[in-house]
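Start counting the sequence shown at 1; every next residue gets the next number (my numbering).
These are computed hints drawn from the structure, not numbers from a lab.
Among these hints, one or two may not hold up.
Said to hold, decoys possible - DSS-like mimics (lysine-lysine), calculated; alpha carbons at most 27 Å apart, straight line:
| # | residue 1 | residue 2 |
| --- | --- | --- |
| 1 | K141 | K130 |
| 2 | K16 | K88 |
| 3 | K45 | K8 |
| 4 | K16 | K38 |
| 5 | K83 | K141 |
| 6 | K16 | K45 |
| 7 | K38 | K8 |
| 8 | K16 | K83 |
| 9 | K130 | K8 |
| 10 | K83 | K45 |
| 11 | K8 | K88 |
| 12 | K45 | K88 |
As the list claims (entries may be wrong) - Across the chosen pairs, the derived CB separations fall in these ranges:
| # | residue 1 | residue 2 | range |
| --- | --- | --- | --- |
| 13 | F129 | I36 | 18 to 26 Å |
| 14 | E154 | S12 | 34 to 42 Å |
| 15 | R22 | A107 | 32 to 40 Å |
| 16 | L20 | L131 | 35 to 43 Å |
Positions of the beta carbon are idealized from the N, C-alpha and C atoms, including for glycine.
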Amino acid sequence: MLAEIYDKLVESFWGKHRRLIRRFLDEFECSPGLYILKLPTGYGKTGIVFTHALSTLVGYCSSSTIYVAPLRSLVDDVYDRWKSIASKIMGEDIVEEISGVQHMGVAGSIYLNKPVVYTTMDTFLLHLFKLPPPELKHQAKAMVSRQYYRGHYEVSRGAIANSA
Numbered sequence: 001m002l003a004e005i006y007d008k009l010v011e012s013f014w015g016k017h018r019r020l021i022r023r024f025l026d027e028f029e030c031s032p033g034l035y036i037l038k039l040p041t042g043y044g045k046t047g048i049v050f051t052h053a054l055s056t057l058v059g060y061c062s063s064s065t066i067y068v069a070p071l072r073s074l075v076d077d078v079y080d081r082w083k084s085i086a087s088k089i090m091g092e093d094i095v096e097e098i099s100g101v102q103h104m105g106v107a108g109s110i111y112l113n114k115p116v117v118y119t120t121m122d123t124f125l126l127h128l129f130k131l132p133p134p135e136l137k138h139q140a141k142a143m144v145s146r147q148y149y150r151g152h153y154e155v156s157r158g159a160i161a162n163s164a
């Protein structure tokens, strides 16, 4: 199924099949585990993310897709490309509802709970370690006043678990 989604994306938007990506998708096919894919810059690895995101939306692989990158500029660029492609498939209004970018200064999916989320490594790790950025202010106030604050961290951790 993933390979078929990828093939349709290639035919509609990119025009050039990448043999190694197609092979990876054939072998991966939503199996759990850690996968390391080392390919040159510009080979089309981001196409795997878009393929997985679309499979998520039809309920095939998992209930969500979280794309994590080290730089905000990279996250913003990939999200803009996703919006461009997905809006042609589903319409711009729907894309805004089902996907978002989340990093410092942009709150498109505060607790990473949209079906398709693009975020930075630091934001992802803060959520993973029970310190979601929206809760940092409350945590700091609680520490200063020596009180205990129970945040909403399990919401984002649940979203991360659902994306795996």
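Structure-based check of all given hints:
no.	hint	in the structure
1	K141 <-> K130	holds, 16 Å
2	K16 <-> K88	holds, 19 Å
3	K45 <-> K8	holds, 16 Å
4	K16 <-> K38	holds, 19 Å
5	K83 <-> K141	violated, 37 Å
6	K16 <-> K45	holds, 13 Å
7	K38 <-> K8	holds, 23 Å
8	K16 <-> K83	holds, 20 Å
9	K130 <-> K8	violated, 38 Å
10	K83 <-> K45	holds, 17 Å
11	K8 <-> K88	holds, 13 Å
12	K45 <-> K88	holds, 21 Å
13	F129 <-> I36: 18 to 26 Å	holds, 23 Å
14	E154 <-> S12: 34 to 42 Å	holds, 39 Å
15	R22 <-> A107: 32 to 40 Å	holds, 36 Å
16	L20 <-> L131: 35 to 43 Å	holds, 37 Å
Violated hints, in rising order: 5, 9; the structure is consistent with all others.
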